[in-house]
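Here are the chains, one letter per residue:
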Amino acid sequence: MQPLTRLLEAALFAAAHPLTLADLARLAPEASRAELVQAVNELREHYEQGEHGIELLSLADGFQVVTRPRFAEAIAEAQLVQRPRKPSRAALETLAVIAYRQPVSRAEIEEIRGVNVEGMLRSLHERGIIEVVGRAEGLGRPLLYGTTSLFLELVGLGSQDELPRLEELEVALRPPTEQGEFGEP
Amino acid sequence: MQPLTRLLEAALFAAAHPLTLADLARLAPEASRAELVQAVNELREHYEQGEHGIELLSLADGFQVVTRPRFAEAIAEAQLVQRPRKPSRAALETLAVIAYRQPVSRAEIEEIRGVNVEGMLRSLHERGIIEVVGRAEGLGRPLLYGTTSLFLELVGLGSQDELPRLEELEVALRPPTEQGEFGEP
Amino acid sequence: MTTVPIGASESPFVVRLDAFSGPLDLLLHLIREQEIDIADIPIATIADQFLEAINELGLNEAADYLEMAAQLLRIKIQLLLPRPFDEEGWEDPRAELVRRLLEYEQIREVASWLVEQVSQQGDRFPRGWLPELPERPPRPLHLTVEDLLLAVEQVIEAMPEPVLHRVVPRPLDVEGATTRIRALFASRDEVNLWEILGDGPTISDILSSLLALLELAKIGFLHLAQHQPFGSLVINRATADPTA
Numbered sequence: 200m201q202p203l204t205r206l207l208e209a210a211l212f213a214a215a216h217p218l219t220l221a222d223l224a225r226l227a228p229e230a231s232r233a234e235l236v237q238a239v240n241e242l243r244e245h246y247e248q249g250e251h252g253i254e255l256l257s258l259a260d261g262f263q264v265v266t267r268p269r270f271a272e273a274i275a276e277a278q279l280v281q282r283p284r285k286p287s288r289a290a291l292e293t294l295a296v297i298a299y300r301q302p303v304s305r306a307e308i309e310e311i312r313g314v315n316v317e318g319m320l321r322s323l324h325e326r327g328i329i330e331v332v333g334r335a336e337g338l339g340r341p342l343l344y345g346t347t348s349l350f351l352e353l354v355g356l357g358s359q360d361e362l363p364r365l366e367e368l369e370v371a372l373r374p375p376t377e378q379g380e381f382g383e384p
Numbered sequence: 200m201q202p203l204t205r206l207l208e209a210a211l212f213a214a215a216h217p218l219t220l221a222d223l224a225r226l227a228p229e230a231s232r233a234e235l236v237q238a239v240n241e242l243r244e245h246y247e248q249g250e251h252g253i254e255l256l257s258l259a260d261g262f263q264v265v266t267r268p269r270f271a272e273a274i275a276e277a278q279l280v281q282r283p284r285k286p287s288r289a290a291l292e293t294l295a296v297i298a299y300r301q302p303v304s305r306a307e308i309e310e311i312r313g314v315n316v317e318g319m320l321r322s323l324h325e326r327g328i329i330e331v332v333g334r335a336e337g338l339g340r341p342l343l344y345g346t347t348s349l350f351l352e353l354v355g356l357g358s359q360d361e362l363p364r365l366e367e368l369e370v371a372l373r374p375p376t377e378q379g380e381f382g383e384p
Numbered sequence: 247m248t249t250v251p252i253g254a255s256e257s258p259f260v261v262r263l264d265a266f267s268g269p270l271d272l273l274l275h276l277i278r279e280q281e282i283d284i285a286d287i288p289i290a291t292i293a294d295q296f297l298e299a300i301n302e303l304g305l306n307e308a309a310d311y312l313e314m315a316a317q318l319l320r321i322k323i324q325l326l327l328p329r330p331f332d333e334e335g336w337e338d339p340r341a342e343l344v345r346r347l348l349e350y351e352q353i354r355e356v357a358s359w360l361v362e363q364v365s366q367q368g369d370r371f372p373r374g375w376l377p378e379l380p381e382r383p384p385r386p387l388h389l390t391v392e393d394l395l396l397a398v399e400q401v402i403e404a405m406p407e408p409v410l411h412r413v414v415p416r417p418l419d420v421e422g423a424t425t426r427i428r429a430l431f432a433s434r435d436e437v438n439l440w441e442i443l444g445d446g447p448t449i450s451d452i453l454s455s456l457l458a459l460l461e462l463a464k465i466g467f468l469h470l471a472q473h474q475p476f477g478s479l480v481i482n483r484a485t486a487d488p489t490a
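Top to bottom, those sequences are chains F, E and U.
Under our numbering, think of the first position of the first sequence as 200, with each following residue one higher.
Under our numbering, think of the first position of the second sequence as 200, with each following residue one higher.
Under our numbering, think of the first position of the third sequence as 247, with each following residue one higher.
Check each hint, because a few of them may be wrong.
[To be verified] Under the rule of at most 16 Å between Cα atoms (straight-line distance), these lysine to aspartate or glutamate pairs were calculated in the EDC-like manner: (1) F:Lys285 with U:Glu362; (2) U:Lys322 with U:Glu302; (3) U:Lys464 with U:Glu421; (4) U:Lys322 with U:Glu342; (5) U:Lys322 with U:Asp286; (6) F:Lys285 with U:Glu392; (7) E:Lys285 with U:Glu362; (8) F:Lys285 with F:Glu352; (9) U:Lys322 with U:Asp294; (10) F:Lys285 with E:Glu325; (11) E:Lys285 with U:Asp369.
Because the hints were derived from the structure by calculation, they are not lab data.
Go ahead and model the full structure; you've got the sequences and the hints to work with.
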């Protein structure tokens with residue numbers, strides 16, 4: 200590979216978007232348009248002849264190096280593309296409240312965490328980490344949430360009982376006691 | 200390139216993060232460990248000999264394809280890549296303590312660094328560079344921290360073992376055990 | 247504690263704000279810059295220089311630096327105390343500081359190495375753009391028990407004030423006090439204030455009771471009378487009680 204082709208390969212690989220000829224000209228200002236096109240072709244042929252797992256395409260939005268379609272299935276199968284993500288702090292806090300307080304209503308979670316958790320509950324529910332386990336008595340009969348077996352699987356626990364017992368935390372996470380205890384204002 | 204190497208290249212391109220041998224085994228379940236290692240080496244050598252703009256790196260207990268450093272400036276100059284923000288010196292000091300002392304509590308880190316690190320730990324944890332690896336015995340059962348594979352990625356190490364050995368440092372730790380060692384004030 | 251005159255001496259060192267990652271870093275800088283034997287630190291001099299430096303750097307509001315300053319002064323004083331005749335049992339008050347400095351210096355060196363590593367790694371770009379895949383399942387989650395425990399602590403820390411407060415102090419309970427007063431009058435016609443307040447009343451008990459009394463007097467359930475200034479309050483059941 201000639202030096203320009205190497206630079207081109209690095210740039211195509213690292214760039215956050217497909218590259219146009221104008222992008223390539225900015226990358227190598229001293230190279231002529233013909234030289235750039237030649238380098239693109241050299242790289243394309245290199246990937247063809249060397250029987251690479253990748254190929255260079257020129258599409259409407261520019262040049263891009265992509266994996267060959269025939270490998271797509273195996274890659275998707277192995278779930279390699281997206282790295283596991285840590286749940287956000289807000290998600291973890293909500294999950295912590297549910298894990299230790301279940302069955303628990305949205306109002307209780309919001310009282311403990313002090314923020315609206317509607318969207319968070321929906322997203323945790325969509326991912327199958329929490330589920331609706333019943334309805335509370337009383338006004339509006341609100342839905343009660345609990346954690347699922349997928350949750351246990353994710354945190355590597357065999358059962359809910361294996362969650363570390365945290366007496367002090369359970370006390371602290373107890374929702375404010377029944378109204379009656381405080382009397383009416 | 201043999202077919203396994205091609206599949207490997209496609210996967211490394213598609214994942215854009217380090218893939219471990221375990222990941223590769225999921226990708227090609229019929230291949231033996233030795234065959235996988237051989238394919239990794241074939242790809243690495245191909246990038247070396249063909250004088251590519253990219254290279255295969257052993258990183259964070261896995262393998263990743265990255266651009267060669269010598270092209271960094273031209274690519275950044277052409278504004279094709281947004282360079283990541285580098286961690287502060289204070290962050291790297293904290294990470295150094297955690298890397299060598301893990302599992303380590305916040306109090307121990309503060310003792311060694313001489314500064315409060317609460318906010319720092321929170322931010323490193325949120326970015327996934329450190330993780331909670333357990334709890335110490337004793338009062339308050341403080342959380343213990345360790346570094347993650349993202350730390351290895353950040354500092355460009357293949358594994359924890361590649362950290363410099365403390366004996367090799369210029370300032371070898373001389374525990375001032377003998378009091379006689381100290382002169383008069 | 248700023249006994250060091252600002253800018254009174256020519257500093258043998260050039261210092262920059264934010265150039266130091268902490269008090270140990272600053273202290274090591276002073277020691278290494280002046281090629282001081284770390285095993286024999288002239289604490290009095292170093293303590294003065296340290297104070298001057300944090301003053302000049304505007305670090306004198308940082309707790310970490312003040313703590314170190316206090317420690318240096320403590321060591322300075324300990325060194326001034328007379329020592330026992332035989333020095334056998336004498337412990338150099340600087341020993342612990344020296345141990346920490348050496349340990350920190352090592353970490354500082356590792357950190358420098360990491361700075362270099364990060365910089366090199368920053369020149370290796372990963373693949374920047376991934377074409378959209380046809381269907382993208384939600385990313386797998388990485389979840390640990392420890393993360394969950396940390397989250398529990400964060401929840402407790404961040405619990406909104408009202409929740410914490412409602413558990414501890416009792417709010418005013420006028421209704422309860424009213425019930426109690428009515429009960430006292432069920433069998434008698436006159437009660438004094440202390441009987442209503444009971445043993446060891448809290449501020450909120452007293453306030454609740456007073457509000458209840460005023461409320462009951464207003465609706466004519468009882469009369470309040472004080473026969474002499476500062477005398478005790480006499481509370482009578484009203485003869486004609488409209489609510490009875």
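Would the pair Lys285 of chain F and Glu352 of chain F pass a check requiring their Cα atoms to be no farther apart than 16 Å? holds (15 Å)
Holds or violated: Lys285 of chain F and Glu325 of chain E, Cα atoms, limit 16 Å. holds (9 Å)
Take the C-alpha atoms of Lys322 of chain U and Asp294 of chain U, compute the straight-line distance between them, and say whether it is at most 16 Å. holds (10 Å)
16 Å Cα cutoff - pair Lys285 of chain E, Asp369 of chain U: The hint holds at about 11 Å.
Is Lys285 of chain F close enough to Glu392 of chain U, meaning Cα to Cα at most 16 Å? Satisfied, since the Cα-Cα distance of roughly 12 Å is no more than 16 Å.
Take a quick look at whether Lys322 of chain U and Glu302 of chain U sit within 16 Å of each other, Cα to Cα. With Cα atoms ~22 Å apart, Lys322 of chain U and Glu302 of chain U exceed 16 Å; violated.
Would you mind confirming whether the straight-line C-alpha gap from Lys464 of chain U to Glu421 of chain U stays at or under 16 Å? Measuring from Cα to Cα gives roughly 15 Å; hence the hint holds.
Assess, step by step, whether the Cα of Lys285 of chain E is no farther than 16 Å from the Cα of Glu362 of chain U, and give holds or violated. Satisfied, since the Cα-Cα distance of roughly 11 Å is no more than 16 Å.
Please work out if Lys285 of chain F and Glu362 of chain U have their alpha carbons no farther apart than 16 Å. Between Lys285 of chain F and Glu362 of chain U the Cα gap is close to 28 Å, so the pair fails against 16 Å, i.e. violated.
Hint consistency between Lys322 of chain U and Asp286 of chain U [alpha-carbon to alpha-carbon, up to 16 Å]: holds (13 Å)
Are the Cα atoms of Lys322 of chain U and Glu342 of chain U separated by 16 Å or less? holds (13 Å)
The structure fails hints 1, 2 (numbered hints given earlier, in ascending order).
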